[in-house]
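Asks: So the sequences go chain by chain: A and B.
So for the first sequence, this note's numbering puts the first residue at 50; every next one is plus one.
So for the second sequence, this note's numbering puts the first residue at 61; every next one is plus one.
Since the hints were derived computationally from the structure, they do not count as laboratory data.
All values derive from a computational prediction rather than experimental measurement.
All residues carry an ideal CB built from backbone N, CA and C; glycine is no exception.
Treat the hints with care, as some may be off.
[Said to hold, decoys possible] Sample of chain B residues lacking proximity to chain A, with all beta carbon distances greater than 10 angstroms (derived):
#1 R70
#2 V74
#3 T182
#4 H438
#5 V445
#6 E449
#7 L455
#8 S537
#9 T655
#10 S745
#11 V818
[Unchecked claim] Here are some of the chain B residues that sit facing chain A, going by a computed Cβ distance under 8 angstroms:
#12 A73
#13 A81
#14 E257
#15 I304
#16 R750
#17 L751
#18 V755
[Said to hold, decoys possible] Footprint (simulated), chain B over chain A, 3 or more residues, beta carbon under 8 angstroms:
#19 89 to 96
#20 116 to 125
#21 135 to 147
#22 156 to 168
#23 185 to 197
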Amino acid sequence: MELTFKVNGHPERLELEGHETLLDVLRDDLNLTGTKEGCREGECGACTVLVNGRAVDSCIYAAMAAQDMEIETVEGLATSDGLNSLQNAFAESGGVQCGFCTPGFLMMLTALLDKYPHPDRVQVRDALSGNICRCTGYAQIEEAVERCIRQRTIE
Amino acid sequence: MSLLGENLVRTDAVGKLTGEARYTVDYDGKDLLHGSLLRSPVPAGLIKAIDTTVAESLPGVRCVITAKDAPDARAGWVLREQALFARKQVRFEGEVIAAVAADTPEQAREAVAAIILDLAETQAVGDMETALAENAPLVHPEWKSYQPVSGEDYPRHGNIASELMADDDAVDVAFENADLIVEDEFTSNRQYQAYIEPKSAVGIYRDGRYTIHTGHQYPFNVRDRVAQYLDVRPSQVRVIGHSIGGGFGGKLDTGLEPYAAILSKFSGGRPVKIVNNRTEDILTCPSRENAVIKMRSALDKQGNLLGRELICHMDNGAYSGEMAFMPSVIFHLAGSVYKVGNIRVIARLVYTNTAPTGAMRGVSGVYFCAFQERHMDHIADELGVDRREYRLRNLVGNGDTLLSGQVLDDADLLRKGFEKMEEAAPWSQLNDNKKPWHGIGICAGTWITNSMPGSVQLILNEDGTVTVVTAATDNGSGAVSMGITQIVAEHFGLPADDIVVTMPDTDVAAYDGGSQGSRTTHIVGRAAGIAADELKGMIFDVASGMLEAGRDDLELVNGQVGVVGYPDSRISLGDIAMTATWTRGPLSASGSYTTAPVPYNPGCASGMLFPFFPTPTYHVHLAEVEVNPVTGNVRVVRYIVVQEVGRVINPAGVRGQIQGAVAQGIGHALYESLRIRDSRYLERSLEAYRLPLAVDMPEVEIITMEHPHALGPFGAKGVGEPAIILAPATVACAVSDAIGRPFNSIPITPEDVLEAIVGKEKQL
Numbered sequence: 050m051e052l053t054f055k056v057n058g059h060p061e062r063l064e065l066e067g068h069e070t071l072l073d074v075l076r077d078d079l080n081l082t083g084t085k086e087g088c089r090e091g092e093c094g095a096c097t098v099l100v101n102g103r104a105v106d107s108c109i110y111a112a113m114a115a116q117d118m119e120i121e122t123v124e125g126l127a128t129s130d131g132l133n134s135l136q137n138a139f140a141e142s143g144g145v146q147c148g149f150c151t152p153g154f155l156m157m158l159t160a161l162l163d164k165y166p167h168p169d170r171v172q173v174r175d176a177l178s179g180n181i182c183r184c185t186g187y188a189q190i191e192e193a194v195e196r197c198i199r200q201r202t203i204e
Numbered sequence: 061m062s063l064l065g066e067n068l069v070r071t072d073a074v075g076k077l078t079g080e081a082r083y084t085v086d087y088d089g090k091d092l093l094h095g096s097l098l099r100s101p102v103p104a105g106l107i108k109a110i111d112t113t114v115a116e117s118l119p120g121v122r123c124v125i126t127a128k129d130a131p132d133a134r135a136g137w138v139l140r141e142q143a144l145f146a147r148k149q150v151r152f153e154g155e156v157i158a159a160v161a162a163d164t165p166e167q168a169r170e171a172v173a174a175i176i177l178d179l180a181e182t183q184a185v186g187d188m189e190t191a192l193a194e195n196a197p198l199v200h201p202e203w204k205s206y207q208p209v210s211g212e213d214y215p216r217h218g219n220i221a222s223e224l225m226a227d228d229d230a231v232d233v234a235f236e237n238a239d240l241i242v243e244d245e246f247t248s249n250r251q252y253q254a255y256i257e258p259k260s261a262v263g264i265y266r267d268g269r270y271t272i273h274t275g276h277q278y279p280f281n282v283r284d285r286v287a288q289y290l291d292v293r294p295s296q297v298r299v300i301g302h303s304i305g306g307g308f309g310g311k312l313d314t315g316l317e318p319y320a321a322i323l324s325k326f327s328g329g330r331p332v333k334i335v336n337n338r339t340e341d342i343l344t345c346p347s348r349e350n351a352v353i354k355m356r357s358a359l360d361k362q363g364n365l366l367g368r369e370l371i372c373h374m375d376n377g378a379y380s381g382e383m384a385f386m387p388s389v390i391f392h393l394a395g396s397v398y399k400v401g402n403i404r405v406i407a408r409l410v411y412t413n414t415a416p417t418g419a420m421r422g423v424s425g426v427y428f429c430a431f432q433e434r435h436m437d438h439i440a441d442e443l444g445v446d447r448r449e450y451r452l453r454n455l456v457g458n459g460d461t462l463l464s465g466q467v468l469d470d471a472d473l474l475r476k477g478f479e480k481m482e483e484a485a486p487w488s489q490l491n492d493n494k495k496p497w498h499g500i501g502i503c504a505g506t507w508i509t510n511s512m513p514g515s516v517q518l519i520l521n522e523d524g525t526v527t528v529v530t531a532a533t534d535n536g537s538g539a540v541s542m543g544i545t546q547i548v549a550e551h552f553g554l555p556a557d558d559i560v561v562t563m564p565d566t567d568v569a570a571y572d573g574g575s576q577g578s579r580t581t582h583i584v585g586r587a588a589g590i591a592a593d594e595l596k597g598m599i600f601d602v603a604s605g606m607l608e609a610g611r612d613d614l615e616l617v618n619g620q621v622g623v624v625g626y627p628d629s630r631i632s633l634g635d636i637a638m639t640a641t642w643t644r645g646p647l648s649a650s651g652s653y654t655t656a657p658v659p660y661n662p663g664c665a666s667g668m669l670f671p672f673f674p675t676p677t678y679h680v681h682l683a684e685v686e687v688n689p690v691t692g693n694v695r696v697v698r699y700i701v702v703q704e705v706g707r708v709i710n711p712a713g714v715r716g717q718i719q720g721a722v723a724q725g726i727g728h729a730l731y732e733s734l735r736i737r738d739s740r741y742l743e744r745s746l747e748a749y750r751l752p753l754a755v756d757m758p759e760v761e762i763i764t765m766e767h768p769h770a771l772g773p774f775g776a777k778g779v780g781e782p783a784i785i786l787a788p789a790t791v792a793c794a795v796s797d798a799i800g801r802p803f804n805s806i807p808i809t810p811e812d813v814l815e816a817i818v819g820k821e822k823q824l
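Could you build all of it, start to finish, from the sequences and the hints given here?
Replies: Have a look at this one:
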């Protein structure tokens, strides 16, 4: 089966068997290893990527379902100037510890902030209910969201 | 400008935020093979035959190995009791029986499924009560033959893997003379470290040596354990560290490393990668042990503690790992917070046919504190004394001693902690304004900074930057990416960007005791300071010649050396390094450190005694919870930590450690539990194992007490663990207060809460 889709803006064409997950295709076929596998059952959110702007758990998302779609992964966030405002806010707030869940959090929050540029705390926490971080206890991740919103408002 | 106390961004942040950071699972290569393991499907059994012929004939399979292919050796942290592959007996569900390497992960898994295993299930010893019963079957019938790594002389017998006894006859007298005796029994379940990165490892056998890639908390422990399993000298094993996707004590001993190593040897030296799926990871991870503690206190009429008896049974699972030391933790903690009079401690580590337990963050101390604090609340209630007041009456202070005789020099910090807490949250005001179904807990605790050795080599590069060569690992805590980086930068007046810290490599750096016990910033930071002082001496020697000035007239400011009082005289560290390299040779210096042992009474206990409680820190926590009487859910609405830290190097880092530790503590108190039925875990996925989410967490209010330690780097002590030590205790006390019923078992689930509420209503 042939899969044609765009990943971080680049057109890609792959020959697949059909049963592959989007996560495996990204990691194994496209060498985009920034997206992580934590549980393979859609529970931890470490594998979150965007499919046409919507956050999905790529570990339980059939790659063939991404036919003609636009995929965004953590590798697509930074700009030519360096980290984007959300990534920067994570760095400055201490929202990163071990970093294994971080790509999933960044993609989930990217989807949230695209839809709601000024989410309140409840919206942020609801959006993060499918992403597990074992290191931070979440406070500095939530702070990073607030910092990012402030920064984007100034810009 | 000083970098101490500044929120410098961790040096690995950019890599982790862009996806560039390389974890072991991301290791790739053209010749990479994939490994998979056949694990025991039963908790106890006898292997009659293993037929690998079909598996070996499958496409892509490079090797299938079993016990007959491995050295006849046993390995272990304290007791050498575990073979690489089960030869005859299997002792827990998940124990490795065979290993396969193949071209793809799917082929490896298919080959594992094709191994024909003839295995007779035997009667499993599923819990401690069964294990300790008379004539119980032995988990290790051959236990006497096991060789202890640390000497022959510690008590173990049958299903008791290790034991510590501190028996004071005066305890019996105290109970005879008591006006009041308060007695409790507490239980706690297992807690899974649940790092988001499941374990993985890559092994390569080349030129007669094993190279292992692994994101591990303790690379030198991997080196030593792999050497034991494969029966080679430790120097024949090289361990290279990668980014660690969380550890929390679960990545302190070997997991997949020796299997990846031996598979590579049997595959012509091609690299072999093995990755746990989440279920394998849960089944085999050395989780925090379940435990039962009986605690009994003798009191006089005034409520003074005359004596205490404490019997602690800790579930070791099938192999002991680091656990053999842990009865000692109970012993030291028993006298570390309150004056408890004469005391008897019996702590036993018990073998069962369950997954081996291990050291999760705050080893054994987490449930000990929960039980001690609930017991203190119980005593205060019996006496009709306010819970906070009763604690203050009995706190240890400066000059008091632990049960070992070790003197606590600065234990007055406990009292100061209560004062700080009172300023933040006045106790009587909180109690007076308490809403229905709300409860408050206040607890105190003492914890260690692990003393294990560490080492640093500093190299002054010709561009004026400093390379830090160390095997210290950053498990995510920031101890290296913030702590060590900032400490070295501060010594040379350099920006953090000018400090490069190597990844761990046991071929390159000297021994390091791993990221455990809150030790890295304190121990390795101190080693870095020693190296920095020596390197600075060399720098001044060279600069003295370049500036034609006396050595004592020189100063190092902002990465430049100049003559005091002559600002124009400054030369850069880069120029000094360049000059040195071509005149006397490159500049580098090393520093090593381990906490010096403190005096103690060798007769204080018999058994597995870890002789001292290094570099203590002192803490007070307060929690307010809200109980939903309809659903049984508990919400932590307010949480305050007063933590003694020595010195804050990076406030964002300290905050991250405290908030994260409290989250894990709340998880242990309210949600997380690996339950065992018929010697097997009920929870086998992250769907079943309930972890704290963002919606569950309060923003922890953090008050740090700075009390610089004479030997710590700029005064810093350990920070990573203390906040988890008291979190389950404080939550359990608050829930008990909210409902007016004692909760002496953790976790406290919604079912437990509803049962308590119904029980109370029936009583009324």
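Asks: If a hint holds in the structure, say so; if it does not, say that too.
Replies: Right, here's what the structure says about each hint:
no.	hint	result
1	R70	violated, 7 angstroms
2	V74	violated, 7 angstroms
3	T182	holds, 33 angstroms
4	H438	holds, 29 angstroms
5	V445	holds, 34 angstroms
6	E449	holds, 31 angstroms
7	L455	holds, 28 angstroms
8	S537	violated, 7 angstroms
9	T655	holds, 26 angstroms
10	S745	violated, 6 angstroms
11	V818	holds, 30 angstroms
12	A73	holds, 4 angstroms
13	A81	holds, 6 angstroms
14	E257	holds, 4 angstroms
15	I304	holds, 6 angstroms
16	R750	violated, 10 angstroms
17	L751	holds, 5 angstroms
18	V755	holds, 5 angstroms
19	89 to 96	holds (count 5)
20	116 to 125	holds (count 3)
21	135 to 147	holds (count 9)
22	156 to 168	violated (count 0)
23	185 to 197	holds (count 7)
Checked against the numbered hints above, the structure violates hints 1, 2, 8, 10, 16, 22; every other hint is satisfied.
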